[in-house]
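Given the sequences, and given the hints that come with them, work out the whole structure.
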Amino acid sequence: MINTAYRQLTIALFFIPILSYSQEEYTLSGYVREAGSQELLPGVTIYFPAIEAGTTTNLYGFYSITLPGGSYDMRVSFVGYELINQTIDLSTDKTIHFNLNQANLTLEGVTINAERDERLSEEVQMSLLKIPVEQFQDIPSLMGEKDVLKTLQLMPGVQSGTEGSSGLYVRGGGADQNLIILDDAIVYNASHLFGFFSVFNGDALKSVELYKGGFPARFGGRLSSVINMTMKDGSKEHVQGKAGIGLISSNVTVEGPINEKSSFLISGRRTYIDLLLAPLLPADSKGGYFFHDFNAKYNYDFGPKNRLFVSGYFGRDKFWSREKYEDGDRFNAGIGWGNGTGTIRWNHLFNNKLFANTSFIYSNFSFKIDQEDRFNDNTFRMEYLSKVEDMALKFDVDYLPNPNHTIKAGANAIYHQFSPRAFVLEDTQTSDFRDSNDLFDNWELAAYVEDEFKPIRKLSVNAGIRLTFFSLDGDAVFKPEPRISMAYTLKDNLALKGSYARMNQYVHLLTNSGIGLPTDLWVPSTKQVKPESSQQIALGLAKDVPSRNLSISIETYYKKSDNVINYKEGATFLDLDDLENGDEFDFQDKVVLGEGRSYGAEFLAQRKFGRVTGWIGYTLSWTKLKFDELNLGQEFFAKYDRRHDLSIVGIYKPNNRITLSAAFVFGSGQAFTLPVARIPGYIHSIYDSRSFFFNDPGVYRERGNFRGESYHRFDISIQFHKKKPKGIRTWELGVYNLYGRKNPFFYYTDSQYNDGTVREVLRRQTIFPLLLSISYKFEF
Amino acid sequence: MKALLSLALLLLLSSCGLYTLDNEVKKDLVDEESRLVIISFISPDSSVEVQLFQTLPLFNTTRASGEPPYVHVATAEVTIDDGSGQTVIPYFGDEQIYRLRPDEYSINPGASYLLSVTANSGLQATAKCTVPSEAAIATNATYRFTSGEFSRDIELRFEWQDISDVINYYRISSQTEIIFQNPFGGSQDTTRLRQFAIEVFTDFDRDGERVVEGVDIPGIFSNQFEIEQLKVNAFLLTTDEHYYKYHQSIQNFVFDDPFAEPTRVYTNVEGGYGIFGSYLVHNREFELE
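Chains as they are written, first to last, in this note's numbering: chain A, 13 to 792; chain B, -17 to 271.
No lab work stands behind these hints, which were simulated from the structure alone.
C-beta: ideal position from N, C-alpha, C; glycine also.
Heads up, some of the hints might be wrong.
If you anchor each label on the Cβ, the simulated ranges turn out as follows [stated by the list, open to error]: (1) B:5 to A:339: 43 to 53 angstroms; (2) A:713 to B:110: 18 to 28 angstroms; (3) B:5 to A:769: 15 to 25 angstroms; (4) A:708 to B:5: 19 to 29 angstroms; (5) B:265 to A:298: 55 to 65 angstroms; (6) B:44 to A:298: 40 to 50 angstroms; (7) B:5 to A:455: 45 to 55 angstroms.
Output of the computed footprint for chain B on chain A, the stretches with three or more beta carbons under 8 angstroms from beta carbons of chain B [claimed, not checked]: (8) 689 to 695; (9) 775 to 782.
Derived SDA-like pairs: lysine to any residue, alpha-carbon spacing no greater than 20 angstroms straight-line [stated by the list, open to error]: (10) B:213 to A:646; (11) B:8 to A:760; (12) B:8 to A:389; (13) A:580 to B:183; (14) A:406 to A:470; (15) A:580 to B:223; (16) A:470 to A:501; (17) B:110 to A:644; (18) B:8 to A:773.
Set out below in structure tokens:
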């Protein structure tokens, strides 16, 4: 008996090393770059068909996969780039870097031979929208200004606020519920010119992703979406660039190597409305409006294990007016606002399975109104400032132990300083001087871990948890946020997906208009104004049709939000006409908290690569809000509730000289509140028990009692490309709202007088009927 | 090149907002049938007075310029009921009001009343309110001038003990009689100032506590006027919830701002609009030399 056991043990011990040897695993890792420019490429798929295993490069182009030793055929693929097929013999840990050649149209001929291998059905992530940055340049745009956020508005589940606005309303969420990140820095106000243009310069961007749900645990801080943008690193091959001239602005981007270890990118844009108007103004009066933005990035490669990135963004809008009189009196006034961000990132490779990034981040947004009036040796000076400033430290690691697990973990700490309103008023004539500043300091901390793994062959899971902490009024709140996304492969190229995410938001935007006005105030959570939270579940199908480069998805979702914020009835951010009394403003007294529900279904058929690209997106949705203090506590449709939303976008490149594009947008009417009658607005007079007349307020029985007219328009553009000795020039002609649809910007009631009679009418304000645009671009 | 420049200029002009359009919307407008509007505030020792109106559809009515967008209702049966039976409130046409004098009908603290209206047109509306049981009594009242830029403002302040364990609603108001020397004419003028502020208060977060509240009355007389005599009749009202909510909604109402949050005028009238509210009043009179 003992002998038998001994024999079996001996045999076992003999075979264990052999078994171990046969299961010996090796790690293949490296970076994937664009050939030529050496730009690091995120999201590249590295796939091993024989074992149905693979991975993708992270945000910094790094990949790592650990496999049993052996010989493998592998594919390295990325949309818009030529496919690499390679056989590797994995008998030891290996580092292989790949350079992918761009496979877009070249001027020498049409070369569309890349395989579209990024398959929606193979990704565990759902509710993720990706648009190749090149497509942003091809899609028709308002006044020829290419706009990342407005292109995202054309996707299902994402709606615009009002006509021309770059605000995003994702799955019923508010404009403030989007986490907009540029190189790890939060951008608070993403709008130029009162929301008509976004602050992001597409020429400087490398990648743009929009998460509508199923949020990975590495993201947090907003309820409804994450828009993650990465700036280009700068070409390491040679100095190159682009310059463009449009109706509104001009821009220039230059990138290139500094030496073999470092490169840079600089990009700037400025409007010239003020310069065009200057000759038309009187000699003693100057004024105008402009916006500009500036992006810069520098990276330095310390070697195989360390890399440094320094990037920044600065943008500003300014309205200004100056008048000077002969007697020495003068009047200066201005309104200015803008963002600034700065990020220093250090990539460190601990080993071929463990990648780390540490970021130091600075971000601010400020809005300022100033006025100085000198008359008769008296000075009236008024200055109003609203500001939010962040400093953050962020640490993230990617750990890839084997093909079945991709673990991401990290922590970040943000120090917020909010100054919703700082106010200075000085009047030498009345000896009046006031100086007030509301300051809020808050810490927002978070730690997360997530693991993408395959419990069974057909099931992929990304499960994670994010722990969040926020300091408020000397106290603190702690909230865990569980997240999970799953994809089950039903058959080849078809997957069933589901996700659940809990989100918390500790900063709020007080907005009346929702159109991205700079007067919107960012404020922190307080004991009175509690953090917003939401839970979202989503279920969907993802289908790929590789033969047609087509991805199709259908998703349904249900989102419940708590403590969503809204102004009280009749409240506004701060009556600008009454700034002198503004020092009594306390935002906490102006808001109410309630709950929101949104649910719907989305359809997307997208073709990212080929001679014809574009997408068809359709959304059916409902968004409802409920506040105890609004609408008599009854639920009502949110202003931006839209039952149907359809976008059809097509880009056609018949040859290397022409790009044709068109976009059709349809959205059913939004919910407005209109009076149905007017009543005598009497208030009680104590003296004689009667009432005295105050005004004739309009009355309505419920909010959202009027569905606005449907919104639709058709835009087209044509680009003419031509190769010149020193580069490629492109002329673009565009037509926005081709058939001149008078879409509503807002509605208002008005009294119409005629022959001694009066009649109340509803009026629609339209701002963009048919608009033509022309622009010129030169790439060198 | 010239043609290109001309085209560019045309495009530029077309993009500079010249096409901003403003159009009347003629379809799908919200409409509803006429409703009655009741305005009535009742209190012990005061007449029961009811003002009655009928709304007109807002967007489909053409009226004479200068006429209000609603009409008085003179031919309706208006009754009040405290549970013991209905009493008809007669109409006084010259004042366009339905009225019962205190000697004809008593309003009692703590009692509930039902106001019913049936117009000849067939429109009906009802409203209920309960008079507060107990009036807040001021333990202190102050009245002082504050200096504004060009005129003197008046600050009225009451101090009282909140009645505990119930939600209380309050309003402060005043009537002021001022005798002053007009520096321009040299003659003595008498001006009666009524306090127009409509701030209302609750005891939210201060139930049973000592409450200090005040209102600022914007001055309507110049700093240059020399005041000779000042008489003040200050009122502290304890109101019901409807009174409070109605005035608060009127106070918050925003006109002509397309971006402001829509505001709603509170009503407790079933089948109509308006207010049937109640209050108790405590007043303090004082004279400043």
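Given the hint that residue 8 of chain B pairs with residue 773 of chain A, does the C-alpha gap stay at or below 20 angstroms? holds (8 angstroms)
Can you tell me whether the CB distance of residue 5 of chain B to residue 769 of chain A sits inside 15 to 25 angstroms? Hint holds: Cβ distance 21 angstroms, inside 15 to 25 angstroms.
Take a quick look at whether residue 406 of chain A and residue 470 of chain A sit within 20 angstroms of each other, Cα to Cα. violated (34 angstroms)
Take a quick look at whether residue 213 of chain B and residue 646 of chain A sit within 20 angstroms of each other, Cα to Cα. This hinted pair is violated, its Cα atoms lying about 47 angstroms apart.
Assuming the hint says 55 to 65 angstroms, is it satisfied by the Cβ distance from residue 265 of chain B to residue 298 of chain A or not? Holds, at about 59 angstroms.
Pair hint residue 8 of chain B and residue 389 of chain A, alpha-carbon separation not exceeding 20 angstroms: violated (55 angstroms)
Under 8 angstroms between beta-carbons, do enough residues of the segment 775 to 782 of chain A, three at least, approach chain B for the coverage claim to hold? With 8 residues close enough to chain B, the hint holds.
Hint check: residue 8 of chain B vs residue 760 of chain A, CA-CA at most 20 angstroms. Holds or violated? holds (13 angstroms)
Take a look at whether the Cβ-Cβ distance between residue 708 of chain A and residue 5 of chain B falls inside 19 to 29 angstroms. About 25 angstroms separates the Cβ atoms of residue 708 of chain A and residue 5 of chain B, which means 19 to 29 angstroms holds.
Residue 339 of chain A and residue 5 of chain B - C-beta distance against the hinted 43 to 53 angstroms: Distance hint for residue 5 of chain B, residue 339 of chain A holds at roughly 46 angstroms.
Run the distance test for residue 470 of chain A versus residue 501 of chain A: straight-line Cα separation, threshold 20 angstroms. holds (5 angstroms)
Check whether the Cα positions of residue 580 of chain A and residue 183 of chain B lie no farther apart than 20 angstroms. holds (16 angstroms)
Of the numbered hints given earlier, the model fails hints 10, 12, 14; all others are met.
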